[in-house]
Amino acid sequence: MRKNDANASSKKLADCILASFEQRPFFDQKAIEMNKDWPLWEVFIRAKNGLSHKHAGSLHAADAQMAIENARDVYCRRNEGVSIWVVESKYITASDPEDADALFEPAQDKIYRHPTFYNLPDEVKHI
Amino acid sequence: MTQQEALFQYLLRLGDNALILGQRLSEWCGHAPVLEQDIAITNLALDLIGQARNWLTLAGEVEGKGRNEDQLAYLRDARDFHNLLLVEQPNEDWAHTIVRQFLFDQFNYLLHNELQHSTDERVAAIAAKSLKEIKYHLKYSSEWMVRLGDGTEESHNRMQRALDALWRYSSEAFLTDEIDQLMAEAGIGPDLHKLEPLYHQYVAQVLDEATLQPPTDTYMQRGGKQGLHTEFLGYILAEMQFLQRAYPNMQW
Amino acid sequence: MSREELEKRFQEKIDAEIKIEPKDWMPERYRRNLIRQISQHAHSEVVGMLPEGNWITRAPTLRRKVALLAKVQDEAGHGLYLYSAAETLGISREEMIEQLLSGKAKYSSIFNYPTLTWADIGAIGWLVDGAAIMNQVMLTRTSYGPYARAMVRICKEESFHQRQGYEIMLTLARGTEVQRQMAQDALNRWWWPALMMFGPSDKDSVHTAESMKWKIKRKTNDELRQQFVDVTVPQAEYLGLTIPDPDLKWNEARGHYDFGEIDWEEFWRVVKGNGPCNHLRMKARREAHEKGAWVREAALAYAEKRRQRQQQKAS
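Residue numbers (the working numbering), protein chains in the order written: chain A, 16 to 142; chain B, 32 to 283; chain C, 1431 to 1745.
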C-alpha cells in the first residue's frame, strides 16, 4: 500500500475507534457492580385504570419491596397511580440506536399497514 | 369526670402522639442516609402531622372553648401534653428512629383498626382515613426492623442497643387509666387490654425475624398520658412553639 | 460512519428539535456538559433542602408546617429525578455524591445563604423558586430527552412552591408592624442573591455559547435575569415592600426594568466557597452521607442474604 493510502486508512480506523469510545452504554455495568450504591431500578406507573404503565424514572433501592415503596413515595405523591412496576435497570435490554435503520425504517415504507392506503366509498359506514 | 371531658383528653392523646412523633421525624429532613429515605421518612412525618391536625381540631370542638389546632399545638406547656413517652425520645440514629417507629406503629395500627368502628362517628372517620397511612407506616418500619436487625454486624448491634434503650417505653400505651376505661365503656375507644396480647405477639414475630432480643426486665416507664414527661419534651416544644410564644396573637 | 458525519448528524437532530436519548451517539463534550449541568442541578435541589428544612420544626402553624414539609420533600424528589437523568449518561449516584462532597461539583450558590427568620422562608419560595421556575420552564425544551422529561415533571410540581412563598410574604406584609419589617428585612437580604442565581453576565459565562448551540440552554443568563426582574417588581409592589435597588427603574424605551449592577465580587466569593453557609451545607451533607453508610451497607447485606436464602429454598 502506498504511504498516503496507509495514512488515510489508519486515520479512518482511528476515527472509528474514537467514535465507538464515545458511544456510551446506557449505564456502566462494571462501575455499578464495583460501587456501593444500591442497585438502580426503573419505575413504571399506571396512572389510572385503562391506561398502560408509563416509564416514570429511576431510583436506587436495596431490594424490590423498597423499590416499590420508594416509587410510591417519589412518583405517586399527587394521587397519580394505581399500579407500580419496578425492574432493576440491568434487566432492561434496549435496542441499539445504531440499528435504528434496520429495526425501524423498513416499517416506514409498508404503507399498506395504514388505513389511508385503502380507498373505500364514503357510503360504506363503520369501516 | 364527664364523658365529654374524657373524650377531650383522649383526643389530645391521639393528636399529641401524632404531633410529637411527626415533629421528631421532621428533624431528619435533609439528613437521612440516602435521598430516597429522606423522602420516605418525610412522608411519614407529613402523614402524622396531618393526623394530628384532624385529632386536635376535633379535640378543640369537643372541648367547646374555641381552641383550634394551632392554639392547642402551640400554646400548651409540656405538663399539658398527653403523648406517650416513646414518641418524644430523640432520633439518635437510624436504628433508634426505626425501633421507635416500629414499636409505635404496631400499637397505633391495632388501635386505629378498632377506632374506625368507634361509636363516635367523627372519631371513626378520622381513624379510618388514618388507618391507611398507619398501615403503610407499619409495613415500612417492620421491613426496616428486619433489614437492619439482620443486616450487618454493625447494624445488628445498633439495633439491639436501640431496642434496649426504647423497650422500657413500649407498653405505656396499655397502662390504662380512668379516661381509657370511660372511652371503652362508651364504645368510643377499644379495650386496650384486649389489644395488648396481639401487640406482644406481632412485635415478637418481627423481633424474631430481625434476630433481636427484647430486654427481660419489663418495668414500663409511664406518665406521658398524664402529662409527666421525660426532659426531652420541653426542648421539643421550645423549638416548635417559639414563634407563637415570641410573637403572640399574630397571623402567620 | 466517520467522526465528522456523526457530529453532523447529531447537530442536524439538535437543529430539527429531535431529542437526544440515552445510548444515542453524542459528542463527548455534550455528554460531559450535560453531566455537569444535570448533576449540579440535582445537587442544588438536595442542598436546597437545608436552608428551608431549617424552619420545619419551627413553622408557626401546623398548616405552614405541612406545606413546608411537602415543599422540601418535593425538592428531594426533584433531586432524585435529576440524578436519575444524569445516570442515563453513564455516571453513578455514588460518583456524583463524591463530586459534591469533595467540592469538585458545584450547586446553586443561593443555598449558601442562611435562613434567619420565618420571613426568609417566604422570600425563598417567592424569589428563589421564582427564579428557578424561569430557568426550569426553559429547560423543558432542552435537547436531552431524560433531562427535558424530568424538567416537565419538576415544573408541574414547582408552581405551588412559589405560591406558598408569596402567600407567606403577603400574610406578613399585611400583618403587624414587626411582621412587615421581618418581610422587608428578608427581601433586603434575598433580592441580590436571587439575581445572582442566573449566573455570570453573558459576556463572562464560559459555558453559554456551547450550551446554546446544543440547545442544552435555550436562553442566556442575562435574558432570564431580565425576565425575572420584569415579572417580580410588580409582585413586590403589590406587597408594599421595597426592592433594595436604588437604580431600579422602568425603562419605557426598552420595555423593561433597568436595574443596578450586581456585586460580582460577592458573586465569585460565594461561588468559590466563602459564602456564609458553604462549609455548613457541605458539613451537613457529608455527615448525612457518612453517618448513613452503615444503613446503606446493612440494607444491601440483607438483600443479599435474602436472595441467597431464596436460592437455597429453590434448590
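Any given hint could be a false lead.
Claimed, not checked - The calculated lysine-lysine pairs, modelled on DSS-like cross-linking and capped at a C-alpha distance of 27 angstroms, are: (1) B:K170 with A:K69; (2) A:K51 with C:K1534; (3) A:K63 with B:K160; (4) A:K51 with C:K1449; (5) C:K1702 with B:K170; (6) C:K1721 with C:K1743; (7) C:K1534 with A:K69; (8) A:K51 with C:K1713; (9) A:K105 with C:K1743; (10) A:K51 with B:K160; (11) B:K225 with A:K63; (12) B:K160 with A:K105; (13) B:K96 with A:K63; (14) C:K1645 with C:K1449; (15) C:K1586 with C:K1721; (16) C:K1443 with A:K69; (17) A:K105 with C:K1453; (18) A:K105 with C:K1643; (19) B:K170 with C:K1643; (20) A:K51 with C:K1586; (21) C:K1534 with C:K1679; (22) C:K1645 with A:K51; (23) A:K69 with C:K1702.
Rather than coming from a laboratory, the hints here were simulated on the basis of the structure.
Okay, the hints, checked on the actual structure:
In summary, the hint linking B:K170 to A:K69 is supported, as the alpha carbons are separated by about 26 angstroms, within the 27 angstroms threshold. This hinted pair checks out: A:K51 and C:K1534 have alpha carbons roughly 20 angstroms apart, not beyond 27 angstroms. Distance check on the hinted pair: A:K63 and B:K160 sit about 21 angstroms apart at the alpha-carbon level, within 27 angstroms; holds. Between A:K51 and C:K1449 the alpha-carbon distance is near 32 angstroms, which puts this suggested pair outside the 27 angstroms criterion.
A hinted pair counts as satisfied when its Cα atoms are at most 27 angstroms apart, and C:K1702 with B:K170 does not qualify at roughly 45 angstroms. With a C-alpha separation of about 35 angstroms, the suggested pair C:K1721 and C:K1743 falls outside the 27 angstroms cut-off, and the hint is violated. For the proposed pair C:K1534 and A:K69, the alpha carbon gap of about 35 angstroms is over 27 angstroms, so the pair is violated. Of the pairs offered as hints, the one joining A:K51 and C:K1713 holds, with about 21 angstroms between alpha carbons and a cut-off of 27 angstroms not exceeded.
The straight-line distance between the Cα atoms of A:K105 and C:K1743 is roughly 24 angstroms, inside the 27 angstroms bound, and the hint therefore holds. Restraint check: the Cα-Cα separation between A:K51 and B:K160 comes to about 39 angstroms, which exceeds 27 angstroms; the hinted pair is violated. As the CA atoms of B:K225 and A:K63 are separated by approximately 40 angstroms, the hinted pair breaks the 27 angstroms bound. The suggested pairing of B:K160 with A:K105 is violated, with an alpha-carbon distance near 38 angstroms, which exceeds 27 angstroms.
Between the alpha carbons of B:K96 and A:K63 the distance comes to roughly 45 angstroms, so the proposed pair goes past 27 angstroms and is violated. Between C:K1645 and C:K1449 the CA atoms are separated by roughly 10 angstroms; this keeps the pair inside 27 angstroms, and the hint holds. Pair hint C:K1586 plus C:K1721 does not hold up; C-alpha atoms about 34 angstroms apart against a cutoff of 27 angstroms. Between C:K1443 and A:K69, the direct Cα distance comes to roughly 25 angstroms. Compliance with the 27 angstroms bound is thereby established for this hinted pair.
Restraint check: the Cα-Cα separation between A:K105 and C:K1453 comes to about 14 angstroms, which is no more than 27 angstroms; the hinted pair holds. Distance restraint check for A:K105 and C:K1643: the Cα-Cα separation of roughly 33 angstroms exceeds the 27 angstroms cut-off, and the hinted pair is therefore not satisfied. For a cut-off of 27 angstroms, the pair hint linking B:K170 to C:K1643 is broken: about 50 angstroms separates their Cα positions. Restraint check for A:K51 and C:K1586: the C-alpha separation of about 33 angstroms exceeds 27 angstroms, so the hint is violated.
For the given pair, C:K1534 sits about 39 angstroms from C:K1679 by alpha-carbon distance, which is inconsistent with the 27 angstroms threshold. Of the supplied pair hints, the one linking C:K1645 and A:K51 is violated, its CA atoms being roughly 34 angstroms apart against a limit of 27 angstroms. Our distance criterion of 27 angstroms between C-alpha atoms is broken by A:K69 and C:K1702, whose separation comes to about 42 angstroms.
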